[in-house]
Each structure stands twice: as structure tokens, then as C-alpha cells.
Amino acid sequence: MKHLLLILLPAALLGCAGPPPVEEKTTAAAGDTVCERSEVTGTRFTGMRCRTAAQREQDKRNVGDLEEVSRRGAAVTKPGGS
170 MKHLLLILLP
180 AALLGCAGPP
190 PVEEKTTAAA
200 GDTVCERSEV
210 TGTRFTGMRC
220 RTAAQREQDK
230 RNVGDLEEVS
240 RRGAAVTKPG
250 GS
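Just so we're aligned: 182 in the working numbering is position 13 of the sequence shown, and the numbers increase by one with no gaps anywhere.
Derived from the structure by calculation, the hints contain no laboratory data.
Among these hints, one or two may not hold up.
[What the hints assert, rightly or not] If you anchor each label on the Cβ, the simulated ranges turn out as follows:
{"no.": "1", "residue 1": "Glu226", "residue 2": "Arg206", "range": "19 to 25 Å"}
{"no.": "2", "residue 1": "Ser207", "residue 2": "Gln227", "range": "16 to 22 Å"}
{"no.": "3", "residue 1": "Asp228", "residue 2": "Ile176", "range": "18 to 24 Å"}
{"no.": "4", "residue 1": "Arg218", "residue 2": "Val238", "range": "22 to 28 Å"}
{"no.": "5", "residue 1": "Arg241", "residue 2": "Cys219", "range": "32 to 38 Å"}
{"no.": "6", "residue 1": "Thr202", "residue 2": "Arg241", "range": "33 to 39 Å"}
{"no.": "7", "residue 1": "Thr202", "residue 2": "Asn231", "range": "17 to 23 Å"}
{"no.": "8", "residue 1": "Gly216", "residue 2": "Gly242", "range": "48 to 54 Å"}
{"no.": "9", "residue 1": "Cys204", "residue 2": "Gly233", "range": "22 to 28 Å"}
{"no.": "10", "residue 1": "Val209", "residue 2": "Lys229", "range": "18 to 24 Å"}
{"no.": "11", "residue 1": "Ala223", "residue 2": "Ile176", "range": "51 to 57 Å"}
{"no.": "12", "residue 1": "Thr210", "residue 2": "Asn231", "range": "17 to 23 Å"}
{"no.": "13", "residue 1": "Glu236", "residue 2": "Gly211", "range": "25 to 31 Å"}
Virtual Cβ for every residue (Gly too), placed ideally from N, Cα, C.
Using the sequences and the hints, build the whole thing.
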């Protein structure tokens with residue numbers, strides 16, 4: 170009986186794993202707006218996120234700032250002083 174459980178448990182866990190999220194990029198009519206459709210992790214729902222070129226550049230700057238803080242090892246504090 171134990172051997173049967175040891176064989177079925179991994180098969181059951183692997184059977185529950187879904188496919189990786191799929192991303193789809195489309196360009197909207199506005200010209201510099203790009204929309205991305207991706208699956209939300211843990212659900213079968215998809216989400217659509219549209220960003221302008223300026224918003225994408227701001228996102229890149231934000232990521233660069235976070236990487237710099239991470240490299241320096243600076244502690245991130247909560248707003249409000251603690």
C-alpha cells in the first residue's frame with residue numbers, strides 16, 4: 170500500500186500543474202501604446218495591461234532604481250518613519 174501511495178503522489182502533484190502563463194503583446198491604435206495579455210498566476214483568468222511608451226520608460230527607471238538599492242544593500246523602510 171505504501172508503494173502505491175509513493176507512486177501515485179508524485180503523479181497527482183504533476184497532474185495538477187498547469188501550463189506556464191502565456192503572454193501576448195498587441196499594439197493599440199494610439200501608436201505608442203502596447204497591450205499585453207497574460208494569465209494571472211493561480212487562476213484561469215487572463216488580464217490585459219496597456220502601457221504607453223512613457224509608462225514603459227518609467228517602469229524601466231523604477232526597476233533600475235530598485236536594482237541599485239538592492240546592490241547597495243540599503244534597507245527599504247515603510248513610509249511614516251519605521
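Determine which of the earlier numbered hints do not hold for this structure and return their numbers in increasing order. Result: hints 3, 8 break, sorted rising.
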